[in-house]
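Keeping their order, the protein sequence lines are chains E and P. Once you know that position 10 of the first sequence is 10 in our numbering, the rest is easy, because the numbers rise by one and skip nothing. Once you know that position 24 of the second sequence is 24 in our numbering, the rest is easy, because the numbers rise by one and skip nothing.
These aren't lab readings, by the way, just hints derived from the structure by calculation. Certain hints may be false.
Claimed, not checked - Restricting the straight-line Cα-Cα distance to at most 27 Å, the calculated cross-link-like pairs of lysine-lysine (DSSO-like) are:
no.: 1; chain 1: E; residue 1: Lys137; chain 2: E; residue 2: Lys148
no.: 2; chain 1: P; residue 1: Lys167; chain 2: P; residue 2: Lys257
no.: 3; chain 1: P; residue 1: Lys167; chain 2: E; residue 2: Lys139
no.: 4; chain 1: E; residue 1: Lys135; chain 2: E; residue 2: Lys148
no.: 5; chain 1: E; residue 1: Lys116; chain 2: P; residue 2: Lys257
no.: 6; chain 1: E; residue 1: Lys148; chain 2: P; residue 2: Lys257
no.: 7; chain 1: P; residue 1: Lys167; chain 2: E; residue 2: Lys148
no.: 8; chain 1: E; residue 1: Lys30; chain 2: P; residue 2: Lys257
no.: 9; chain 1: E; residue 1: Lys116; chain 2: E; residue 2: Lys139
no.: 10; chain 1: E; residue 1: Lys217; chain 2: P; residue 2: Lys257
no.: 11; chain 1: E; residue 1: Lys217; chain 2: E; residue 2: Lys30
no.: 12; chain 1: E; residue 1: Lys125; chain 2: E; residue 2: Lys139
no.: 13; chain 1: E; residue 1: Lys137; chain 2: E; residue 2: Lys116
no.: 14; chain 1: E; residue 1: Lys135; chain 2: E; residue 2: Lys125
no.: 15; chain 1: E; residue 1: Lys148; chain 2: E; residue 2: Lys116
no.: 16; chain 1: E; residue 1: Lys135; chain 2: E; residue 2: Lys116
no.: 17; chain 1: E; residue 1: Lys137; chain 2: E; residue 2: Lys125
no.: 18; chain 1: E; residue 1: Lys125; chain 2: E; residue 2: Lys148
Said to hold, decoys possible - Restraint-style ranges between C-beta atoms, simulated for each label pair:
no.: 19; chain 1: E; residue 1: Arg21; chain 2: P; residue 2: Val195; range: 57 to 63 Å
no.: 20; chain 1: E; residue 1: Arg21; chain 2: P; residue 2: Arg255; range: 14 to 20 Å
no.: 21; chain 1: E; residue 1: Asn64; chain 2: P; residue 2: Phe236; range: 31 to 37 Å
no.: 22; chain 1: P; residue 1: Leu240; chain 2: E; residue 2: Leu122; range: 51 to 57 Å
Note that the Cβ used here is the ideal one computed from N, Cα and C, for glycine as well.
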Amino acid sequence: MENGETRLMEPVISIRNLSKRYAGGHEALKNVSLDINRGEIFALLGPNGAGKTTLISIVCGIVNASEGSITADGHDIVRDYRAARTKIGLVPQELHTDAFEPVWSTVALSRGMFGKRPNPALIEKILRDLSLWDKRKAKILELSGGMKRRVMIAKALSHEPDILFLDEPTAGVDVELRRDMWELVRQLRESGVTIILTTHYIEEAEEMADRVGVISKGELILVEEKTELMKKLGRKRLTLNLSEPLTEIPANLSDWALSLGADGLELYYDFDANADRTGVPSLLRRMSDLGIAFKDLATHQSSLEDIFVSLTTDRGGDGGRAAHRTNGRGNGDRENNGTSGRAGEAE
Amino acid sequence: MSVGAFNRHGVWAIYRFEMHRFLRTIWTGLATPVITTSLYFVVFGSAIGSRMSDINGIDYGAFIVPGLMMLSLFNESIFNASFGIHMPRFLGTIYEPLSAPLSAFELVLAYVGAAVTKATAISLVILTTANLFVPVSILHPFWMVLFLLLVATTFCLFGFIVGIWAKGFEQLQIIPMLIVTPLTFLGGAFYSIEVLPEPWRTITLFNPVVYLISGFRWTFYGSSDVAIGVSVLATFGFLLLCLAVIWWIFRTGYRLKA
Numbered sequence: 001m002e003n004g005e006t007r008l009m010e011p012v013i014s015i016r017n018l019s020k021r022y023a024g025g026h027e028a029l030k031n032v033s034l035d036i037n038r039g040e041i042f043a044l045l046g047p048n049g050a051g052k053t054t055l056i057s058i059v060c061g062i063v064n065a066s067e068g069s070i071t072a073d074g075h076d077i078v079r080d081y082r083a084a085r086t087k088i089g090l091v092p093q094e095l096h097t098d099a100f101e102p103v104w105s106t107v108a109l110s111r112g113m114f115g116k117r118p119n120p121a122l123i124e125k126i127l128r129d130l131s132l133w134d135k136r137k138a139k140i141l142e143l144s145g146g147m148k149r150r151v152m153i154a155k156a157l158s159h160e161p162d163i164l165f166l167d168e169p170t171a172g173v174d175v176e177l178r179r180d181m182w183e184l185v186r187q188l189r190e191s192g193v194t195i196i197l198t199t200h201y202i203e204e205a206e207e208m209a210d211r212v213g214v215i216s217k218g219e220l221i222l223v224e225e226k227t228e229l230m231k232k233l234g235r236k237r238l239t240l241n242l243s244e245p246l247t248e249i250p251a252n253l254s255d256w257a258l259s260l261g262a263d264g265l266e267l268y269y270d271f272d273a274n275a276d277r278t279g280v281p282s283l284l285r286r287m288s289d290l291g292i293a294f295k296d297l298a299t300h301q302s303s304l305e306d307i308f309v310s311l312t313t314d315r316g317g318d319g320g321r322a323a324h325r326t327n328g329r330g331n332g333d334r335e336n337n338g339t340s341g342r343a344g345e346a347e
Numbered sequence: 001m002s003v004g005a006f007n008r009h010g011v012w013a014i015y016r017f018e019m020h021r022f023l024r025t026i027w028t029g030l031a032t033p034v035i036t037t038s039l040y041f042v043v044f045g046s047a048i049g050s051r052m053s054d055i056n057g058i059d060y061g062a063f064i065v066p067g068l069m070m071l072s073l074f075n076e077s078i079f080n081a082s083f084g085i086h087m088p089r090f091l092g093t094i095y096e097p098l099s100a101p102l103s104a105f106e107l108v109l110a111y112v113g114a115a116v117t118k119a120t121a122i123s124l125v126i127l128t129t130a131n132l133f134v135p136v137s138i139l140h141p142f143w144m145v146l147f148l149l150l151v152a153t154t155f156c157l158f159g160f161i162v163g164i165w166a167k168g169f170e171q172l173q174i175i176p177m178l179i180v181t182p183l184t185f186l187g188g189a190f191y192s193i194e195v196l197p198e199p200w201r202t203i204t205l206f207n208p209v210v211y212l213i214s215g216f217r218w219t220f221y222g223s224s225d226v227a228i229g230v231s232v233l234a235t236f237g238f239l240l241l242c243l244a245v246i247w248w249i250f251r252t253g254y255r256l257k258a
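Please model the entire structure based on the sequences and the hints provided.
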C-alpha cells in the first residue's frame with residue numbers, strides 16, 4: 001500500500017493511556033485511549049466534570065498530561081508540537097475574547113499565531129460565511145453572545161485546521177444559531193475537516209455525529225458508531241398490564257421475546273420498532289386466542305439519553321468497559337432498562 | 001504548510017496586535033509620562049533646581065534627565081510587559097497562544113518585544129520633553145541607545161514574570177509601586193550618591209537600580225557614581241536571572257498550564 005494511503009487509513013488523532021491528575025489530587029482522566037478517524041464527526045458526551053474539556057485541552061496543548069501519549073496526524077503533540085498544533089483548531093467552551101479589539105484583527109491574529117501568512121480574502125470569506133462581515137470593525141465587547149461564539153469559530157477556522165475541536169459549541173445559543181452551527185459543521189466535514197465536539201445535548205450528538213463517545217468520571221465508557229446506537233434507539237418495549245398474574249410465560253408465546261415483571265402482572269415485549277413486522281398485532285391476537293386479558297398497555301422507546309443516563313449514573317459491573325478498546329467499537333448490547341431522565345441537565 | 005523552525009508569522013502577529021493596542025490608546029499612553037516629566041522639571045528643574053549647584057559640572061536640571069528616563073523606563077517596561085501577558089490570562093484568551101505552534105522563546109520574543117518597543121518609545125518621548133526644559137547633551141549616543149534597550153529588555157522580562165505571577169490587577173501594581181519606584185528614588189535618580197554620608201552611601205550600593213541609573217548617566221555625561229563596567233555587568237546579571245525564571249515558568253507551566 002502507498003504511504004499516502006496508509007496515512008489516510010491511520011487515525012487522525014490517537015490517544016493512548018491518557019491520564020491527568022491535577023495538582024490538587026483530582027484525577028480528571030483515567031487511562032483513556034481513543035482513536036479519531038480521519039474526516040469523521042465524533043461527539044464526546046458526558047456530564048459536567050466528566051473530563052471532556054480536560055481531554056480536549058491536553059490534545060490542544062493547554063493542559064499537560066500526567067501520563068500517556070497523543071499523536072495528531074501522526075505527530076506527537078509534545079515532541080513534535082509545532083506540526084501537531086498547526087493541524088488543530090479549537091473553539092473553547094467559554095467565550096474568551098479580546099473584548100476591546102475589533103473582530104477582524106482578532107481573527108487575523110489567530111491566523112498569524114498558527115504560522116500562516118496573512119490571507120485577507122480567506123478571512124473575509126470566513127466572516128461572511130459566519131454572518132460576521134458587517135461586524136468586522138466592531139469591538140467584540142459590543143457583540144451578542146451568539147456573535148461572540150461565531151467569532152470564536154472564525155478564529156479557529158482562520159488557520160485552516162484539519163482537525164477542529166468544538167467544546168460545547170451550542171451551549172447557550174438559540175435554536176437558529178444551533179441549526180447554523182450544525183450546518184457549518186457538516187460543510188466543514190464535507191471539506192475534509194475532522195470534527196470532535198463535546199456536548200451534553202444528546203440531540204446534538206444524534207443529529208451530527210458519526211460516532212459517539214461517552215465519558216464519565218474521567219473514564220471513556222463507551223465508543224460506538226451512531227448507527228449502532230440508532231439501532232438501540234429503534235428498540236421499543238411494549239408493557240401489558242395483565243388482568244390476572246402469570247406465573248410463567250406460556251409456551252405458545254415462545255415466538256416473541258417476552259419477559260414478566262411486577263409479580264406476573266406485567267408482560268414485556270421488546271421489539272425492533274424499525275422492523276417491517278414488529279410482531280405486536282400477532283402477539284395480541286395470540287394472547288386473545290389464549291384468553292390472556294390485559295387492562296392497559298404502553299410502549300416506551302429507548303433513547304440515546306436513556307443509554308447515556310444508565311451509563312453515567314449507574315455504572316455497576318463491567319458495563320461499557322469493553323468500549324475502552326482503541327478501535328472505538330463499543331459494547332452494543334447493554335440492557336435497555338428504559339431509564340428516563342434528563343441527562344443534559346447534569347451539565 | 002509547516003511552521004518551520006521559527007514561527008515568524010506567529011511572532012509578528014502577536015507583536016503587531018500588541019502594538020496596535022498601544023497605538024489605539026497612544027494619546028493616553030504618552031500623555032501620562034509627558035505630563036509627569038514636565039511636572040518633575042517644573043518642580044526640580046525650575047523651582048528647586050535653580051537653587052541647586054551643579055553636580056560634577058552638570059546643570060542639576062540636565063543631571064536628573066537620565067534618572068527620570070530610567071524611572072519611566074522601569075515603570076513602563078514592567079507595566080507594558082506585565083499587562084501584555086496578564087491581559088490574555090485575565091480574559092482567558094491565553095488558550096490561543098498556548099495552543100498555537102509557538103515556542104516559549106517565540107512567545108516571549110513577541111510579548112516582550114512589543115513591550116520593549118513601547119517602553120523605549122516613551123523614554124525617548126521623555127527625553128524630547130526634557131530637552132524643552134533643559135539643554136541635554138548625549139556624549140555616547142550609541143551606548144545610550146544600547147543601554148536603554150538593554151535595561152528595557154531586562155525590565156520587560158521582569159514585567160513578563162510579574163504578569164504571569166500576578167493573580168489580579170492589584171498585584172500587577174504592587175511590584176512597581178512598592179519596590180521599583182522607591183529603589184529608583186533612592187538609587188540616585190535625583191542626586192549623586194557621592195553626596196550621601198556614610199554608611200548610607202555604602203548601603204545605597206546594595207540597591208541594584210544605582211548601577212542602572214549611574215550607567216545610563218555615564219552615556220550622557222561621561223561621569224558616573226560607579227564604574228560603567230560594573231553597571232553593565234549588573235544589568236546583564238539581572239537579565240540572565242529573569243531569563244532563568246522565565247525558562248522555569250515555561251518548563252513547569254507555572255500559572256500558565258495546569
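Exercise for review: Could you see if the CB distance from Arg21/E to Val195/P stays within 57 to 63 Å?
Suggested key: holds, 59 Å
Exercise for review: Decide if the proposed pair is consistent with the structure: Lys137/E and Lys148/E, CA atoms, cutoff 27 Å inclusive.
Suggested key: Measuring from Cα to Cα gives roughly 14 Å; hence the hint holds.
Review point. Is Lys125/E within 27 Å of Lys139/E, Cα to Cα?
Key: At roughly 19 Å apart (the allowed maximum being 27 Å), Lys139/E and Lys125/E satisfy the hint.
Practice item. Measure nothing beyond the straight line between the CA atoms of Lys137/E and Lys116/E; if it is 27 Å or shorter, mark the hint as holding. Key: holds, 22 Å
Exercise for review: Sort out whether Lys30/E lies within 27 Å of Lys217/E, counting only the CA atoms.
Suggested key: holds, 8 Å
Check your understanding: Does Lys148/E lie within 27 Å of Lys167/P when you go C-alpha to C-alpha?
Key -> Within the cut-off at roughly 26 Å; holds.
Review point. Lys217/E and Lys257/P: Cα distance at most 27 Å?
Key: holds, 21 Å
Practice item. Verify the proposed pairing of Lys167/P with Lys139/E, using a straight-line Cα cut of 27 Å. Key: Between Lys167/P and Lys139/E the Cα gap is close to 26 Å, so the pair holds against 27 Å.
Exercise for review: May I ask you to test the hint 14 to 20 Å on the CB atoms belonging to Arg21/E and Arg255/P?
Suggested key: Holds, at about 18 Å.
Check your understanding: Does Lys116/E lie within 27 Å of Lys148/E when you go C-alpha to C-alpha?
Key -> Status holds; Cα separation ~23 Å.
Check your understanding: Is Lys148/E close enough to Lys257/P, meaning Cα to Cα at most 27 Å?
Key -> holds, 25 Å
Practice item. Could you say whether the range 51 to 57 Å given as a hint is met by the Cβ separation of Leu240/P and Leu122/E? Key: violated, 42 Å
Hint compliance for this structure: hint 22 is the single one not met.
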